[in-house]
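Between the sequences and the hints, there should be enough to build the whole structure, so can you do that?
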Amino acid sequence: MTSPTLERALPERLAPGDRDRLKRQVPAGVTLLAFIAMLVVCGAIQPVIFSATGLNLVLSSIVPLVIASLAQMVMMSIGDIDLGIGSFVGLVTAVSATTLSGTPLIGVLILLALIAGYGVLGALVHLRRVPALIATLGASFVWYGLALFVLPTPGGTAPDWLLAFAAWTPSAFPAPVLPILVITAAIWAVLQLTPVGARVRALGSNAAVLERSGRSALRTRIITYVIVGVLAVLAGLSLSSQIGGGDPTSANDYTLISVAAVILGGGSFFGGRAVAWGSMVGAVTLGLVSVLLSLLNLSSNVQPAVEGGIVIAALAGRLLVGKVLR
Amino acid sequence: MNFARRLVVPPWAWSFLFAALVLLGIFATTHTVGTGTIGLALSLAPYLVMVGSGQMLVISAGPGNIDVSVPQVISLSGFVAVSVTSGTGSITLGLLAAAGTGLAVAAISVIAIAFIKIPPIVATLASGLIASSFTLTFANGFDAEPSSALSEFLRLRLAGIPVIAIMTAAFSVLLAVALHRTVAGRWLLAAGQNGRAAELAGVPTAWVTASTYFASGLLSGLAGALLATYIAPTADLGTTYQLDSIAVVVIGGTLISGGRAVPAGVWGGALFFILLDSFLNLIGWNLAGQNILKGLLVLAVLFLAGGTAGVRRGARRAAAPTTEQLDIQPAADARR
Numbered sequence: 001m002t003s004p005t006l007e008r009a010l011p012e013r014l015a016p017g018d019r020d021r022l023k024r025q026v027p028a029g030v031t032l033l034a035f036i037a038m039l040v041v042c043g044a045i046q047p048v049i050f051s052a053t054g055l056n057l058v059l060s061s062i063v064p065l066v067i068a069s070l071a072q073m074v075m076m077s078i079g080d081i082d083l084g085i086g087s088f089v090g091l092v093t094a095v096s097a098t099t100l101s102g103t104p105l106i107g108v109l110i111l112l113a114l115i116a117g118y119g120v121l122g123a124l125v126h127l128r129r130v131p132a133l134i135a136t137l138g139a140s141f142v143w144y145g146l147a148l149f150v151l152p153t154p155g156g157t158a159p160d161w162l163l164a165f166a167a168w169t170p171s172a173f174p175a176p177v178l179p180i181l182v183i184t185a186a187i188w189a190v191l192q193l194t195p196v197g198a199r200v201r202a203l204g205s206n207a208a209v210l211e212r213s214g215r216s217a218l219r220t221r222i223i224t225y226v227i228v229g230v231l232a233v234l235a236g237l238s239l240s241s242q243i244g245g246g247d248p249t250s251a252n253d254y255t256l257i258s259v260a261a262v263i264l265g266g267g268s269f270f271g272g273r274a275v276a277w278g279s280m281v282g283a284v285t286l287g288l289v290s291v292l293l294s295l296l297n298l299s300s301n302v303q304p305a306v307e308g309g310i311v312i313a314a315l316a317g318r319l320l321v322g323k324v325l326r
Numbered sequence: 327m328n329f330a331r332r333l334v335v336p337p338w339a340w341s342f343l344f345a346a347l348v349l350l351g352i353f354a355t356t357h358t359v360g361t362g363t364i365g366l367a368l369s370l371a372p373y374l375v376m377v378g379s380g381q382m383l384v385i386s387a388g389p390g391n392i393d394v395s396v397p398q399v400i401s402l403s404g405f406v407a408v409s410v411t412s413g414t415g416s417i418t419l420g421l422l423a424a425a426g427t428g429l430a431v432a433a434i435s436v437i438a439i440a441f442i443k444i445p446p447i448v449a450t451l452a453s454g455l456i457a458s459s460f461t462l463t464f465a466n467g468f469d470a471e472p473s474s475a476l477s478e479f480l481r482l483r484l485a486g487i488p489v490i491a492i493m494t495a496a497f498s499v500l501l502a503v504a505l506h507r508t509v510a511g512r513w514l515l516a517a518g519q520n521g522r523a524a525e526l527a528g529v530p531t532a533w534v535t536a537s538t539y540f541a542s543g544l545l546s547g548l549a550g551a552l553l554a555t556y557i558a559p560t561a562d563l564g565t566t567y568q569l570d571s572i573a574v575v576v577i578g579g580t581l582i583s584g585g586r587a588v589p590a591g592v593w594g595g596a597l598f599f600i601l602l603d604s605f606l607n608l609i610g611w612n613l614a615g616q617n618i619l620k621g622l623l624v625l626a627v628l629f630l631a632g633g634t635a636g637v638r639r640g641a642r643r644a645a646a647p648t649t650e651q652l653d654i655q656p657a658a659d660a661r662r
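Protein sequence lines correspond, in order, to chains L and V. Counting from 1, one number per residue, gives the positions in the first sequence under my numbering. Counting from 327, one number per residue, gives the positions in the second sequence under my numbering.
By construction, these hints were calculated from the structure, which means they are not laboratory data. One should not assume that every hint holds.
[Unchecked claim] Derived BS3-like pairs: lysine-lysine, alpha-carbon spacing no greater than 25 Å straight-line:
no. : chain 1 : residue 1 : chain 2 : residue 2
1   : V       : Lys443    : L       : Lys323
2   : V       : Lys443    : L       : Lys23
3   : L       : Lys23     : L       : Lys323
If you're wondering where the values come from, they're calculated on a predicted model, not measured in any experiment.
Take a look at the structure:
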């Protein structure tokens, strides 16, 4: 392959100055403020949510969305966007509720094949130079069709080990915090500390430099899509453990909400930006909306409007903060 | 070679070719060459064409421009139109209210895009979410009946061809003329091809971009009103239009990177999708198979036609090596 010196030199050349690095975290900081504000409001109305059981209840339904948002973040870090992720997560829940619990070996093979499918999609997007937006949109029809093929109506049962994981409630800390933090930290480490991560970020910020340094942009894009596929499978398994079975349409909202979470977390459509903790906070904030509304005794009809309002308000706040910093 | 291919075959031809192939498949399966299939397809296509035309205008305004609030606008304006018409007894007021609903949702998107600099996909997502709250509130115990006069009009046929299809076709012709023969149309295509260059040439790109979102909101609003009358007002009336509106635009030969709008192609794409649905129903495929085939066809069209766009994309790459990867980006001004 390539010389180790180059491999090491690449992240350095891409490393931004400290000031830039700080600026990169600011948008996520604004979202973090919104998140804390919501948590305080929730806590003021219902102090019980600050206990381990309370947080467990509040956060458990948000875990799959957080993982899906991290997948979207990886995709957006190379400047692509995944409009099929919601259908894909739905497909994974369907596989989980049928094949994976019935014949685990075949279930695992199917999931691996789906991840490979993501890699092929990435290769085709790269080789045919088509917009990822449309390719993933086309793929979403395929994912949805496959999900209906596996599981025509919502139902089935998730594998026992997934259900056991969902039922796990340690008294020391809220259980959902563990997968959220572990997966966020893992993605941060992969993107920021490993040579593969440096290549993924390089593809997003300056593909020409990546190619000139002897690295294959095609391989990097395939690797990126495979990472997205792996994360999306984890999101699907997590969702399946929550709902106890499978539902092809259960994650349709994830497609666009995950994009919003990444943007709230400081990501951009330009690529080259991967703020893992920001995307995590963005996803948790959007996920908290339904909790807040039920605490405020507001109709769930209002939920979409509040989500939309939060997205607009947080981005307006970011614009203001950005102007002040400049 | 790509260049030659582009000269010989107009960009909309492929979508009509696909639609014709599916039609042949239907004729072969039923062993009859009937006009019934075409008539049915033509009575369903106008709504998708209206919505798709709006989406086409938005996409043509340049990279990153997309309207994902379409399904929520359709559902909401369907409810608004039906309730206003049944309340006042006036079809005109109902249609105006639906158009106003579409414009109001578009106004939220435009404010978010132009003033808060939110990327269009997120801005239209947010405005769509806001619209869907109103839809859900409307849907609770909604019992107004759609106007039967309008419903009859939508089923009216002249020589076997639905009148609404003729009207929509006339609109598409006007749209094509407007895009290529009027200053506003030229502005839109110029802004889509190169926003920076267009702005330096004196094109008010911000206004042009904003008006495409208003046009999309207006068309989705009207389509929602008609669709709610033709079928029934429901909260998920517009759901399938999210993906379909984008897919028919792309299949129709409109460049996803902007700057080339093909109104005829929207018809080809819409007829292709609708005929494909009836063909697959005919040969007994279930929803699963239909979706898988639909997706694979979109991907096949996309990956095979990838070379067509290559001419433009190649040129862009030579000028600026990094932009090639950025299939979606906020308005060009952010790159300065």
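Do the hints match the structure? See the list:
1. V/Lys443 x L/Lys323: Within the cut-off at roughly 12 Å; holds.
2. V/Lys443 x L/Lys23: holds, 17 Å
3. L/Lys23 x L/Lys323: Between L/Lys23 and L/Lys323 the Cα gap is close to 11 Å, so the pair holds against 25 Å.
Violated hints are absent here; each numbered hint is respected by the structure.
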